[in-house]
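K.L.:
Line order of the protein sequences matches chains A and B. Numbering follows our numbering, with no gaps: position 70 of the first sequence is 70. Numbering follows our numbering, with no gaps: position 37 of the second sequence is 37.
In case anyone wonders, no lab produced these hints; they're calculated from the structure. These numbers were taken from a predicted model, which means no experiment stands behind them. Quick reminder that beta carbons are idealized off the backbone N, C-alpha and C, glycines included. There's no promise every hint is true.
[What the hints assert, rightly or not] What follows is a list of derived Cβ distance ranges for each label pair:
| no. | chain 1 | residue 1 | chain 2 | residue 2 | range |
| --- | --- | --- | --- | --- | --- |
| 1 | A | Glu65 | B | Met1 | 26 to 34 Å |
| 2 | A | Tyr58 | B | Trp68 | 36 to 44 Å |
| 3 | B | Arg92 | A | Ala7 | 15 to 23 Å |
| 4 | A | Pro3 | B | Pro103 | 19 to 27 Å |
| 5 | B | His95 | A | Leu54 | 52 to 60 Å |
| 6 | B | Ser75 | A | Leu4 | 29 to 37 Å |
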Amino acid sequence: MSPLLTAAVTVTLVLYVLAMGLGLLRLLRGPGAQDRVLALDFLYVVAMLVMLVLAIRYDSSMYFEGALLMALFGFVSSVALAKFLLRGEVIE
Amino acid sequence: MTDIVVAVLLLASGCLALVAAIGLWRLPDFFLRMHAPALASTLAAWLVTLGSIVHFSVRGPGLSLHVWLIIILLSITAPVTTLVLARAALFRRRHAGDPLPPPLRGKR
């Protein structure tokens with residue numbers, strides 16, 4: 001692994017952390033419940049991207065399964081929360 | 001050489017994720033804010049996936065395309081999430097009596 005790629009991975013992770021911080025601010029501040037769900041979905045996506053970058057950093061494909069699970073659970077939780085906002089219950 | 005390609009892809013994806021987060025933080029209305037995270041779940045995810053495929057294909061024994069699964073999953077699920085969330089937001093706003101965005105079809 002060249003020092004160039006190591007530096008790029010580090011900078012990318014820092015950018016992702018900044019993005020997650022802004023998303024967390026929106027999650028805490030968000031005027032409506034739908035804003036919070038949107039921010040949570042965004043946080044899930046960025047966390048999945050962090051897993052993929054860590055897979056490159058540590059040269060391991062184990063992180064791929066984690067990223068896949070994170071994408072799946074992020075989708076399920078976002079849709080369940082949105083359905084709850086829409087109907088007042090998740091499964092009817 | 002491939003390290004340069006992977007580094008550029010990763011940095012571009014990091015910048016795009018940050019732009020999406022700034023949009024999520026700065027845009028004034030929920031329906032405007034909903035556009036920003038799409039940048040992260042499409043373009044940033046595509047760039048990271050391409051970088052990962054290039055990296056592992058060069059390092060590993062052969063072409064490794066399994067990371068593509070994430071893109072397939074994300075491109076199916078992201079529109080569904082957005083659609084359901086938009087409908088929930090419309091429903092909640094209509095109930096609260098807040099001003100709604102104008103309908104797509106104009107007044108007849």
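K.L.:
Hint by hint, note whether the structure agrees.
P.N.:
Going through the hints against the structure:
{"no.": "1", "hint": "A/Glu65 to B/Met1: 26 to 34 Å", "verdict": "29 Å, holds"}
{"no.": "2", "hint": "A/Tyr58 to B/Trp68: 36 to 44 Å", "verdict": "20 Å, violated"}
{"no.": "3", "hint": "B/Arg92 to A/Ala7: 15 to 23 Å", "verdict": "45 Å, violated"}
{"no.": "4", "hint": "A/Pro3 to B/Pro103: 19 to 27 Å", "verdict": "56 Å, violated"}
{"no.": "5", "hint": "B/His95 to A/Leu54: 52 to 60 Å", "verdict": "43 Å, violated"}
{"no.": "6", "hint": "B/Ser75 to A/Leu4: 29 to 37 Å", "verdict": "30 Å, holds"}
The structure fails to meet hints 2, 3, 4, 5 from the earlier list, while all remaining hints are met.
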